[in-house]
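Asks: Protein chains in written order, with our numbering: chain A, 1 to 152; chain B, 1001 to 1152; chain C, 2001 to 2081; chain D, 3001 to 3081.
No lab work stands behind these hints, which were simulated from the structure alone.
A quick note: this is a predicted structure, and the numbers were derived from the prediction, not measured.
Please note that a few of the clues may not be correct.
To be verified - Dumping the calculated DSS-like pairs for lysine-lysine here, alpha-carbon to alpha-carbon at most 27 angstroms: (1) B:Lys1148 to D:Lys3047; (2) A:Lys148 to C:Lys2049; (3) D:Lys3049 to B:Lys1148.
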Amino acid sequence: MRLRGENIIITPDRFDPEVELAGFRRWPQCAGAGAIVSFTGLVRGEADGLTLSHYPGFTELQIEKMAQQAMQRWSLLGYKIIHRIGDMRPQDPIVFIAAASPHRRAAFEAVDFIMDYLKSQAAFWKQETRGGETRWIEPRCEDMRDLKRWSK
Amino acid sequence: MRLRGENIIITPDRFDPEVELAGFRRWPQCAGAGAIVSFTGLVRGEADGLTLSHYPGFTELQIEKMAQQAMQRWSLLGYKIIHRIGDMRPQDPIVFIAAASPHRRAAFEAVDFIMDYLKSQAAFWKQETRGGETRWIEPRCEDMRDLKRWSK
Amino acid sequence: MAVILFFGRLSELSAPLDIDLPKDIKTVDGLIIWLEENYPALKSGLKHKGNRIAVNHEIVDLKSLVSNKDEIAFMSPLSGG
Amino acid sequence: MAVILFFGRLSELSAPLDIDLPKDIKTVDGLIIWLEENYPALKSGLKHKGNRIAVNHEIVDLKSLVSNKDEIAFMSPLSGG
């Protein structure tokens, strides 16, 4: 499931954002980068745990289409997206995004956009457990507003 | 010059952004973070090398004032800023910024703001060498415009 | 045989289904009516606002065509990151 | 003794100076006129648009006061990151 050099990884395994970022910075296509922006999403401590499910095949395909658009829109040198699925504990990394570009504005905007997309448009479903109770989490109005910022 | 756990480091030594980010993520004050954003600025390949100078004492003080404002404005859990000085080669990290917050918007904006500040307002002076010629680099109009985005 | 999948909140209403669709079912809309009649647990869950429907990995609307070779997915509102 | 520092492009015009300021120099403006008279290399460099001036680590303007115990820094336009 985790081929080296892949742009998009969906994995039930724990991952280390800093190891991923170090690897990404050394990709050949990132050699001319002046800016690398990374985002790491972590499970907050309010819940006892999170469970993420996805739609195998479809989820990857949709994320890839979106990421290709981001790649072109911001003329990125490279990007990397990792999304955890399965059961997670507080402080576990859930999601990691990195983008490299010659100048900083492009990398900032691309990572920000990709994250807004993953939050409200990618095919993941999140369940939270608190005090023995499990409930489905759905996108907040804020998440939908965030994504609208990117409509051209 | 490099005390562990410091928020702001100005150093003539090479540094490893991913090691710094890994350390930052484990700071006690970042324990409740849902989002960590990082920016790494690298020397682009167009020049043979860069030399950065600063105003010891003053530079640190000004950056600290600005960072304290960012900390409050975005209710950050923590931030870290590293800026290289001295001689650098292409692909060397020049600058690293990380910010942690409960929700992602704050961390994105804070890192973006801090970088705009460092680019045009912090007391650094940059000389570039290309084909044996050395010249001073001054902020581009774009850098000044970027900073204006943050005026309330 | 069509494959019908349910994700998120909807996965609690039904396991995946392998079904020979009746010949008169031509659209997503028709499929939903048929599913609700034959699988009472799905009643009123499928048309919930915010759900998405994909046929063979393409997002579609209620008027889109379905056939007996398709993979049809019903997805409750998404939430990643 | 006042300490006068030059940064960036201005550091090419003069090394740092330790100077006993004449008593009639009360402001940054007066200091610049005096420096330009006594250090010809500084002529026309100090008032360049975009320069910043700090007295004892505080950014000041041309009307600000200076005294013989101050650290005064002349800085050409900044460029970090």
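Asks: Now tell me, hint by hint, if it's right for this structure.
Replies: Results for each hint:
no.: 1; hint: B:Lys1148 to D:Lys3047; result: 24 angstroms, holds
no.: 2; hint: A:Lys148 to C:Lys2049; result: 19 angstroms, holds
no.: 3; hint: D:Lys3049 to B:Lys1148; result: 19 angstroms, holds
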